[in-house]
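S.K.: Sequence:
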Amino acid sequence: MTMTMTTIQHDRPARAGFTLVELMLVVVLMGIISASVIPAMANVQDMRSGAARDDIARMLGVTRARAMATGAPMGLSVNLADSRLDIVEIGADGDAAEIYEPLTGQTRSISISSAYSGVGIERMVNGDGTSGSGTIWFDYEGAPHMRNQDGSFASLNEEPVEIELDSGERVLVYAYTGVVGTP
Numbered sequence: 001m002t003m004t005m006t007t008i009q010h011d012r013p014a015r016a017g018f019t020l021v022e023l024m025l026v027v028v029l030m031g032i033i034s035a036s037v038i039p040a041m042a043n044v045q046d047m048r049s050g051a052a053r054d055d056i057a058r059m060l061g062v063t064r065a066r067a068m069a070t071g072a073p074m075g076l077s078v079n080l081a082d083s084r085l086d087i088v089e090i091g092a093d094g095d096a097a098e099i100y101e102p103l104t105g106q107t108r109s110i111s112i113s114s115a116y117s118g119v120g121i122e123r124m125v126n127g128d129g130t131s132g133s134g135t136i137w138f139d140y141e142g143a144p145h146m147r148n149q150d151g152s153f154a155s156l157n158e159e160p161v162e163i164e165l166d167s168g169e170r171v172l173v174y175a176y177t178g179v180v181g182t183p
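Using the working numbering, you'd call the opening residue of the sequence shown number 1 and step up by one each time.
Note that these hints are calculated values from the structure, not bench results.
It cannot be assumed that every hint is accurate.
Unchecked claim - So the derived label-pair ranges between C-beta atoms look like this:
#1 A97 <-> P39: 38 to 48 Å
#2 T107 <-> V28: 50 to 60 Å
#3 S117 <-> E159: 28 to 38 Å
#4 G118 <-> S34: 14 to 24 Å
#5 V37 <-> Q149: 46 to 56 Å
#6 T104 <-> V27: 45 to 55 Å
#7 T104 <-> E164: 41 to 51 Å
#8 S131 <-> V62: 23 to 33 Å
Since the structure is predicted, the reported quantities are computational estimates derived from the model, not experimental observations.
Where a beta carbon is used, it is the ideal one built from N, C-alpha and C, also for glycine.
Could you build all of it, start to finish, from the sequences and the hints given here?
M.R.: Given below as structure tokens:
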């Protein structure tokens, strides 16, 4: 017995595309992915704020260590307008002068708002209770103090210096000891 093969022809042309089930599966997967990614984005901003806080604490520590190593007053200038930190020393005319690194020829500074997108310095309370931009000075023993406009010594800080980021993160420089902390 011989068999013959016959082909069945459809009157409809074949369509390329996805079925409704496949589309629904993709929509469900995208929903699951977005539900897990959106909360993680908030963590990124928190991590930036924490890293900025740590960088400010590091710059304060470097400034304090440099003052103790050189025996000369060193300061960290904090500019609230652009969230910039610069390590400074007392210049020949008594003003705060930026320090240039001997190996790189560059200043020791950091712009918090440029380095950490969406993060800025909200406020600074200096060791005498005044608020606003200013310089945190350290002496040869690492003690924080205030200086007059002409660069002469004014007084030891009687209150802690507080730098607060717009996220609420804070860095403290404790009075008399100069210990840097992040509460």
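S.K.: Hint by hint, note whether the structure agrees.
M.R.: Checked hints:
| no. | hint | result |
| --- | --- | --- |
| 1 | A97 <-> P39: 38 to 48 Å | 47 Å, holds |
| 2 | T107 <-> V28: 50 to 60 Å | 54 Å, holds |
| 3 | S117 <-> E159: 28 to 38 Å | 32 Å, holds |
| 4 | G118 <-> S34: 14 to 24 Å | 21 Å, holds |
| 5 | V37 <-> Q149: 46 to 56 Å | 52 Å, holds |
| 6 | T104 <-> V27: 45 to 55 Å | 53 Å, holds |
| 7 | T104 <-> E164: 41 to 51 Å | 30 Å, violated |
| 8 | S131 <-> V62: 23 to 33 Å | 24 Å, holds |
Consistency with the previously given hints fails for number 7 only.
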